[in-house]
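Novice: The chain contents come next:
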Amino acid sequence: MTRHIRHAAVFSALLLAALLVNAARVQLVQAGSYDDSPANRRGSIARYAQPRGDILVGGTPVTGSRDTGEQLRYERTYQDGPLYAPVTGFASQVYGTTFLEHAGDGVLSGSDPMLAPFPLWNDVTHGRPPGGDVVTTLNRHAQWAAYEGLDGRKGAVAAVEPSTGRVLALVSSPSYDPGVLSGNGARAERAWARLNADPDKPMLNRAVRQTYPPGSTFKVVTAAAALDAGVVTDLDAPTDSPAPYRLPGTTTSLTNEGEGCEDASLREAFEWSCNTVFAKLGVDTGLAGMTRTARGFGFNDDAVRIPFGVAPSTFDTSLDRAQLALSSIGQYNTRATPLQMAMVAAAVADGGQVRTPYLVERTTRRGGATVATAGPRPSRRAMLPSTARRLRELMADVVREGTGTNAAIPGAVVGGKTGTAQHGLGNAGIPYAWFVSWAQGERDLEPKVAVAVVVEDGSARRGDITGGGMAAPIARAVMEAVLDS
Amino acid sequence: MTKAGVRAGTDTTVAAADAPAAMVGLPRRRGVELSLIVLAVLLSVYGYCAVGLARDGAVPPGAAGYGAGLGVLALLAHLAVRLRAPCADPLLLPVAVLLNGMGLVLIYRLDLETPGDRAAPTQLVWSTVGVALFIAVVTALRDHRVLQRYSYVCVVAALVLLTLPILFPAVNGARIWIRIAGFSIQPGEFAKVLLAVFFAAYLAANRTALTYAGRRIRRFSRMQLPTGRVLGPIVTIWLLSVGVLVLERDLGTSLLFFGLFVVMLYVATGRTGWIAVGLLLASLGAVAVGRLEPHVHSRVEDWLHPFASIEAGQGANQLAQSLFSFAAGGASGTGLGLGHSVLIGFAVKSDFILATAGEELGLAGLSALFLLYGLLVERGYRAGLSLRDPFGRLLAAGLASIVALQVFVIAGGVTGLIPLTGMAMPFLAQGGSSVVTNWAIVALLIRVSDSARRPYDARSAAAATEPSAHPATGPAAHTPAGPAAHTPGTSAARASSRAAGRGTPDEPVDTLVDKSPGRSR
Chain E
1 MTRHIRHAAV
11 FSALLLAALL
21 VNAARVQLVQ
31 AGSYDDSPAN
41 RRGSIARYAQ
51 PRGDILVGGT
61 PVTGSRDTGE
71 QLRYERTYQD
81 GPLYAPVTGF
91 ASQVYGTTFL
101 EHAGDGVLSG
111 SDPMLAPFPL
121 WNDVTHGRPP
131 GGDVVTTLNR
141 HAQWAAYEGL
151 DGRKGAVAAV
161 EPSTGRVLAL
171 VSSPSYDPGV
181 LSGNGARAER
191 AWARLNADPD
201 KPMLNRAVRQ
211 TYPPGSTFKV
221 VTAAAALDAG
231 VVTDLDAPTD
241 SPAPYRLPGT
251 TTSLTNEGEG
261 CEDASLREAF
271 EWSCNTVFAK
281 LGVDTGLAGM
291 TRTARGFGFN
301 DDAVRIPFGV
311 APSTFDTSLD
321 RAQLALSSIG
331 QYNTRATPLQ
341 MAMVAAAVAD
351 GGQVRTPYLV
361 ERTTRRGGAT
371 VATAGPRPSR
381 RAMLPSTARR
391 LRELMADVVR
401 EGTGTNAAIP
411 GAVVGGKTGT
421 AQHGLGNAGI
431 PYAWFVSWAQ
441 GERDLEPKVA
451 VAVVVEDGSA
461 RRGDITGGGM
471 AAPIARAVME
481 AVLDS
Chain D
486 MTKAGVRAGT
496 DTTVAAADAP
506 AAMVGLPRRR
516 GVELSLIVLA
526 VLLSVYGYCA
536 VGLARDGAVP
546 PGAAGYGAGL
556 GVLALLAHLA
566 VRLRAPCADP
576 LLLPVAVLLN
586 GMGLVLIYRL
596 DLETPGDRAA
606 PTQLVWSTVG
616 VALFIAVVTA
626 LRDHRVLQRY
636 SYVCVVAALV
646 LLTLPILFPA
656 VNGARIWIRI
666 AGFSIQPGEF
676 AKVLLAVFFA
686 AYLAANRTAL
696 TYAGRRIRRF
706 SRMQLPTGRV
716 LGPIVTIWLL
726 SVGVLVLERD
736 LGTSLLFFGL
746 FVVMLYVATG
756 RTGWIAVGLL
766 LASLGAVAVG
776 RLEPHVHSRV
786 EDWLHPFASI
796 EAGQGANQLA
806 QSLFSFAAGG
816 ASGTGLGLGH
826 SVLIGFAVKS
836 DFILATAGEE
846 LGLAGLSALF
856 LLYGLLVERG
866 YRAGLSLRDP
876 FGRLLAAGLA
886 SIVALQVFVI
896 AGGVTGLIPL
906 TGMAMPFLAQ
916 GGSSVVTNWA
926 IVALLIRVSD
936 SARRPYDARS
946 AAAATEPSAH
956 PATGPAAHTP
966 AGPAAHTPGT
976 SAARASSRAA
986 GRGTPDEPVD
996 TLVDKSPGRS
1006 R
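First to last, the sequence lines map onto chains E and D. Be aware that the first sequence starts at 1, since it is given in the numbering used here, and climbs by one per residue. Be aware that the second sequence starts at 486, since it is given in the numbering used here, and climbs by one per residue.
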């Protein structure tokens, strides 16, 4: 019997070994795939178990967290939600995250390995450090000025610091409060349905995710290309351009809004936004020159991240001469985001250099210790410094005595360019009012801010919709806010 | 020297001459037991505090009371062992205390997630009942062989207990509960101990016949008729039990009874042929049940494809949630109170309690728990090996097998090793009947290990001595436990006096014991 009891004991030992081996299989070998299963709620629970880090504007958070006491415990709250929505995006327990909430999610949720004091620390402790903060480059006053300036009209504003590429303002209107999407209840569901059904598309980030025909503001690019290519050497020399201008190879004639564009000098043409002159300049410069310069400004670059993705602005690179003529005045297939046009103005203000725009100054641990900083960003030359100098002169003239006088700020040097972009089939749509500009304060050594404003919906009378009338005052308010702060 | 001592001394002359060293017996190690119990209680209190610290950042207010309650229970149990089973294995009781304490911690921890359903206080009450039964068994049952006399009472009681729930309404698809005055009891739990006693007694009594018949068959013919005659009654009882359980849809317990029967039959006879036949029949039965019974069929499907419901878009089922829990624990666990095993939902405190252990204590803690069970089982088998009477040996092996099989079936089920069958993890899971039964099992193991570790002379005397009308004056009255026990004379006196007070007729048993290789030979 002893032998048989021993056998029974060995059998039990085998059962024990099987249990131990199987436990190791489940807990170690297959743990990863089990953890990643979409039905496993532990990831979400851990994610929402602690308050999310904050997004900071001007040193103070524009976000917050609310303890619901539920399984997914902390929900996102927003201060001035509609104002910062194009920057923060939303952090919803159902619909995920967008914009900075998405791009900075690792830091904000605490899962970024950089937040841990030592490598693999989180794996050992099974915990995650408290969520860190994302410090933005936004200027609180500029943001507010832009939002107030748009005043609920459809449109967008982007402002950058020319010398660095820091994004100072990013506003899209109409906006929405991302806080309504935070929870996972029926309320968030209803808000989601309502926002998506809204014909005004309040969740569309018009400043970086929507491209518009830039219209006359694109003439800055065309002028830079013409100057760089040597097509124009003297700003005040006649350009030998007819008005109206018959598009090459077609019977279509291009006209101007105002008079006096025939054979105008570049200075006059820029000041009064002569379509005929710039169409001809574009054709004279040639497709290669125009493409090179447009690329230099950032067109056709689909990899711009600030850190969330920016819709690529486009300049068509396979055009006949008539199309090139239209493209050179910001029509045809030429499209740009407001941020791209702010970069164009910034390049002029910064001596021809285009700084990669960025929105996150640094990320910190809870408590403020820096995890990562923006650091030096690549910049590239869009035009010769001499060209930039001459363009600054031209843009300053526009504000001083041309179409952009509404943007003038007493005591500051302001350069601008208006635009009234036609769009729609047969130009049936209401034109977009554009204004791009930069400003340098009295005591500043260099321009402090470059802005692009686009207003989509116009007033009743079509003739009133001009960049100078509608968009320039908004740009001025934003520039003033930056210069004053 | 008492009169009994003198008498015993003459009886044990041969044994003393054969193995004088064994006169001393194994050290009693009661102090070791006490230290381990203190350690077990402290570990449990530590776990209780860890839960509170993790959840609220403070030691839970009931920590002192909890520790005191568990400590008092453990100390009372220890006193009972010290007074009534002084030679018992010192590891059995601490392991039981630790497992029960950890079970209470885990249930308390899960209670925090389900504020409307507090199970820990009830479990503590049942643990108290269990320890009381433990003390009663250790105190009242002076010799395990007494149980042999009651084997038929046991089997009748077991069958009655098994059939009783049929009269009561089904709960969650199984008719295994009876509800009286707000308490629900699972009689099948008690029945398994009674059945083990019966199997042990029957197999021990008929072992010679079985062995003899077996040999004859092999030598002369292939016929198994004599064997069948001896085997008939016990197979009938077994089939009855399993049949009733299948009717009640308690498949875990029927699997356990099957395993118990096969193991004990093998231990008693050593005939692998019967095991093969039993396995064959069981496989046929399992396939039939798996095909025909939708409940079982779905369990098997779940086991084969635990994530099928996720792929079908219906979310994770219980087994998948359980696997998620174990996976989340990893090697070192999330820490007590910090896991999310409550996502398993229904039965998280009972059948799936191990998932909480796996998630919050990790593979390390889970392995420790498995090894604790392994220790309990090993100590049971060891007591069986050391004993000399077949009934005791079979009983010890049977009880150890119950624990081993039950742990394997439920732990294998929740970790996806075998199809899931509803059963309670011994000591750990919520469930009064289970806790009480397991304390009874440990009490019986304590009793048999006490006999097994008794000094050799006394054991031999106990085995050889006829039951006497000698009034049981109580061994404690003659020999207080203490260092004196280490001197051979006193030891013999004490042991023989005890032997005189009890014992059962075991003539055929004794001859068999002499043939089998004993420890001292």
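Calculated directly from the structure, the hints in this document are not laboratory data. Quantities reported herein were computed from a predicted structural model and do not represent experimental measurements. Some clues are possibly wrong.
Stated by the list, open to error - Chain D is nowhere near these chain E residues, computed Cβ spacing over 10 Å in every case:
#: 1; residue: 7
#: 2; residue: 211
#: 3; residue: 484
Said to hold, decoys possible - Covered stretches of chain E, going by a simulated chain D footprint (3 or more residues, C-beta under 8 Å):
#: 4; segment: 12-18
#: 5; segment: 430-442
Built from N, CA and C at the ideal position, the CB exists for glycine as well.
Novice: Tell me if chain D covers the segment 12-18 of chain E under the three-residue, 8 Å CB rule, please?
Specialist: It holds: at least three residues are needed, and the segment 12-18 of chain E offers 5 whose Cβ sits within less than 8 Å of chain D.
Novice: Minimum Cβ separation between residue 484 of chain E and chain D greater than 10 Å?
Specialist: Since the minimum Cβ distance to chain D is about 48 Å, residue 484 of chain E lies beyond 10 Å and the statement holds.
Novice: Determine whether the non-interface label on residue 211 of chain E survives the test: each CB of chain D must be over 10 Å from its CB.
Specialist: Non-interface label on residue 211 of chain E holds, nearest chain D Cβ at 38 Å vs cutoff 10 Å.
Novice: Please verify that the nearest CB of chain D lies beyond 10 Å from residue 7 of chain E's CB.
Specialist: Violated, because the least Cβ-Cβ distance between residue 7 of chain E and chain D comes to about 7 Å, which does not exceed 10 Å.
Novice: Please verify the coverage claim for the segment 430-442 of chain E: does it have three or more residues whose C-beta sits within 8 Å of some C-beta in chain D?
Specialist: n = 0 at 8 Å, threshold three: violated.
The earlier numbered hints that this structure contradicts are 1 and 5.
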